[in-house]
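As you go down the protein sequences, you meet chains A and B in turn. Counting in the numbering used here, the first sequence runs from 9 upward without gaps. Counting in the numbering used here, the second sequence runs from 212 upward without gaps.
Certain hints may be false.
Claimed, not checked - With a straight-line cut-off of 30 Å between C-alpha atoms, the simulated DSS-like cross-links for lysine-lysine are:
#	chain 1	residue 1	chain 2	residue 2
1	A	LYS14	B	LYS263
2	A	LYS18	B	LYS263
3	A	LYS70	B	LYS263
4	B	LYS268	A	LYS86
5	A	LYS70	A	LYS406
6	A	LYS406	A	LYS617
7	A	LYS70	B	LYS309
Everything labelled a hint here was simulated from the structure, so no lab data went into it.
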Amino acid sequence: MTNPPKWSMKFLQWYCNPDLLEEIEGDIYELFDRRVAEKGVGFAKRRFAWDVLRFCRWTNIKRTQSINHRSNSIIMLKNYINVGFRNVTRNWLTSGINIFGLALALGCLITLFIFIDMQQNMDKYHENSANIYQVVNRVKNDNVGVEKWSDSPIQLGPSMVENHPQVADMFRIEFQSANVKYNDKVFNEFLAFVDPGYLKNLDYDVLSGNHNSLEIRGHLVISYNTAEKYFADEDPVGKQLTLKFGHGRIKTFTVGAVLDKYRYNTSIRYNFMLPMKNFEDLGFADKLDWSYLTDATFVVLKDGTNLVQLESELSEYVAVQNSFDPEWAIESFELISLNELAQKNFEITSSVAGSSHPAGQVALGVVAILLTILACFNYMNISVASSSKRLKEIALRKVMGSDRKGIATQFLVENFMQVLFALILGSLISYFLFMPGFNTMLPFTVPFRFVSIPMMMLFFLGILLFVGIISSLYPALYVSKFQPVSIFKGKTRFGSRNLFSKVLLGFQLTFAFITVVASFLFSDNALHLKNQEWGYDGEDVLSVRVNDASQFVALREFAKENPHVRDMVGSSGNFTQDFDIMTVNHLETEVRSVVLGTSPQYPGLMDMKLKEGRAINSLLDDAANREILINEEFVTKMDWEEPLGKKITIDSAKYTVVGIVENFKYHVWFGYEQMLPAIVKVAPEEQYQYAIFKSTAGNLDAMDEEVKSKWLEIAPNDPYDRVIQANAYDEYLNEMDSNVIIISFISLIAIILASLGLFGLLSFNIQSRLKEFSVRKILGAPVIEIIRVAAKQYLWIVLIGFFIGAPIGYFLIDSMIQNIYPDPKPTSWFPFVLAITIMVSMLLVSIIGQLLKAVNVNPAENLRNE
Amino acid sequence: MSKGEHLGELEELILLTVGSLYGEAYGVSIMDEIKAQSGRELNVSAVHAVLKRLETKGYLKSYMGGATQERGGRRKRYFTLTQAGKLTLDQSMSYRMKLYNNIPDISFNFSA
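Based on the provided sequences and hints, a complete structural model is requested.
The structure is reproduced here in structure tokens:
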């Protein structure tokens, strides 16, 4: 008996749809037998192989059986969604928890993504941005290695355009400041002198006026906000602005163009742009050769320029530059793309693109991803637990012939549906809650917007798939595994006793403890730093900047007559505004110290607290016998037992210590700055830069108005530049508040997620053990006993979470605080205790209802068997 | 007759053969019968493909026969005409006959 070739047979069996295999095999086998009998084995074998090949067509290969099957799977999908929807509405509480928890985390993630998306796409909207590079100086600094300086030789840009054909254009940016006057409006403004290439190569939209204004001497370009500030409803184009520069020269400029509002992802933005030619004319420096460094140089390269080659060509300028300025020797020039500038700005000294270190972004990103993963854990846990109610449904489906794949698909579809809900809800939360909240804490506004639509689609699809798969794959695969027999017998019980879900819950609680402890320690320190004594009394104090002695004298005359002014002194320095940090000497010892030049009456007006000695006596102050006050830090630093009468040399002049004052907060960002030894000395009247007013109690605002109107008479060309001393630290205090809010917010979400997780698991556990509790009750178990039995296993998880989480949280936040703040509050037990109390009470609140349910079971209802 | 119900030439031939082999129509027997009647040699895979197409169109139905000793014990899939298949054949035949009968005798006068 001959057989057909084996390999052919195997091939047929491999490709053929099993449903069709038998008939096809039968037919060609029959033909084979006949051919063997008629024409011999070889012919039959060849024809057999040929037949196998001829049968290899798509209709015989495809496995799903055409039309009927396809419509069936659509019907099943509809059915899954239907069942899923019913399940969501039936278990609305757990589904709600699930969806809400996930939505919270996704809201954070979306908010953060938008922020990072914006940061990543800074300035990329300029059409030619890929060809625009900033030339930075790499300068060797003995202390910190090589620094990158935004400041670069003012001659570098023009030389590059002249000598290198690859360089198409360049623009430089030079900062100055001036008092800008239009009619009665005078403000001190930050100015940028720029080359015409600035507007040619960067795609800022010109709202009105001439796009080429920067090429015209005596014209300037202003931003949208500036136009509103000075001109309100008028058309600014063609109007004259008078600028009084820092070195005293006055020049009138014509507004040539107004830029439209800057796009939100613009890092280089100025309010006043003046032609560079005017900078050259105005004589700010003796000569503008290679020794003069301008604030930034950008070059525009032609397409396909070899960067490495150009950078090496630039080395010829290094020697030129170093011969002019040997003190800060340059190693090389480096080209940094405009596309990367916003990300690299923290590396560049005095970068023109603002400066935010990416570490903050990364930290927040990690936290948001962690929160999302926690929410996924939550979701998994509750999803597994909630399927314990549906065991019989699963078993029945299996008995009716559903395979494991079918059941897994059902769970996947249901879960994806819920994730989709959560995603929509999360977007809404982000749009209406998180983004506005986030924006109030930033100095600028980030719109709810993605830079590109494909990026947005990819992001949301990515979240949906990632979260959907991460959170539903385990439940789907786990639940579909059960055998119907053991379910019907009542053998399979899970959810509550599952080690996996306990580990997940453990993670959640650990993370919650980490963030809670960290947040309380951080807040405790922040509040401590925030509420430190200033060392003086800033209430009712107003400081007005004066430009020369005549202005000061005029104000002093005014103060004598004004009833609201209680006291008025002059000063060359002022807390938060102006002080020097220099090295002073006592004998041979050098001390880095803050030196505040004031008038003899200044400490009295500011109500500085004298600890020892006496105030500076203005009558005794003469060249032979100059008196100073020092702060306590100075005494501590020098370790003086008897500080009064000690001699200190400042700038080769000798001073005598006559009094010691309490430490005072001279710096606006005092929490971030090391407290230095400080000296209060007397400055001569010609050096007065501030007129310090103190009003009679509660009349500060009235006095402010009166001083302002007087100022318009005295100095119509200078801005009324004043600081209300009580508000001087507001920026710092607000930032401290924002930090506390952000970290508390993160820990709040972590607590909510952990509580939801605990609640979900416990409620299912109790649900499935109602009969057990009923029996215990009948047998006389007291309330305490039932609570103990119900909560015992979770108590362990909470304890483990605490003992792992609390120390981690402590070490993390402690090292962070030590890094940021030079003088933090020593850690105390109080925040720990508070954190744990709050955490435990949150957990208790979330489970108390469920525990009561266990205690209040009605045995008659639960044990009745119908 | 819409396009989907249109019978191809081979389809019609096989439909007729299935009808004529009443109760004994399966892949190989249909192929043999067509060769015997018309001398046309078909590959068995082509017969299978047409049979399946006719089945999805609803002109044929099929069932698996019992196991036999031949062909390695594999069962045969037998095809029979459905009511719809019979109807289609009738229609096809009738319009052919009608057209055929309309041919005037003169056209058979080849000698002229």
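Hinted pair LYS268(B) and LYS86(A), Cα distance within 30 Å: holds (28 Å)
| Restraint check for LYS70(A) with LYS263(B), where alpha carbons must lie at most 30 Å apart | holds (14 Å)
key: Holds or violated: LYS14(A) to LYS263(B), with C-alpha atoms at most 30 Å apart   = It holds: about 27 Å lies between the C-alpha atoms, which stays within 30 Å.
Quiz item: LYS70(A) and LYS309(B): Cα distance at most 30 Å?
Solution: The given pair, whose Cα atoms are some 42 Å apart, is violated under the 30 Å limit.
Please verify whether LYS70(A) and LYS406(A) have alpha carbons no more than 30 Å apart.
holds (26 Å)
- Are the Cα positions of LYS406(A) and LYS617(A) separated by 30 Å at most? Outside the cut-off at roughly 84 Å; violated.
* Under the criterion that the straight-line Cα-Cα distance not exceed 30 Å, is the pair LYS18(A), LYS263(B) satisfied? -> holds (23 Å)
Going through the hint list in order, the structure does not satisfy hints 6, 7.
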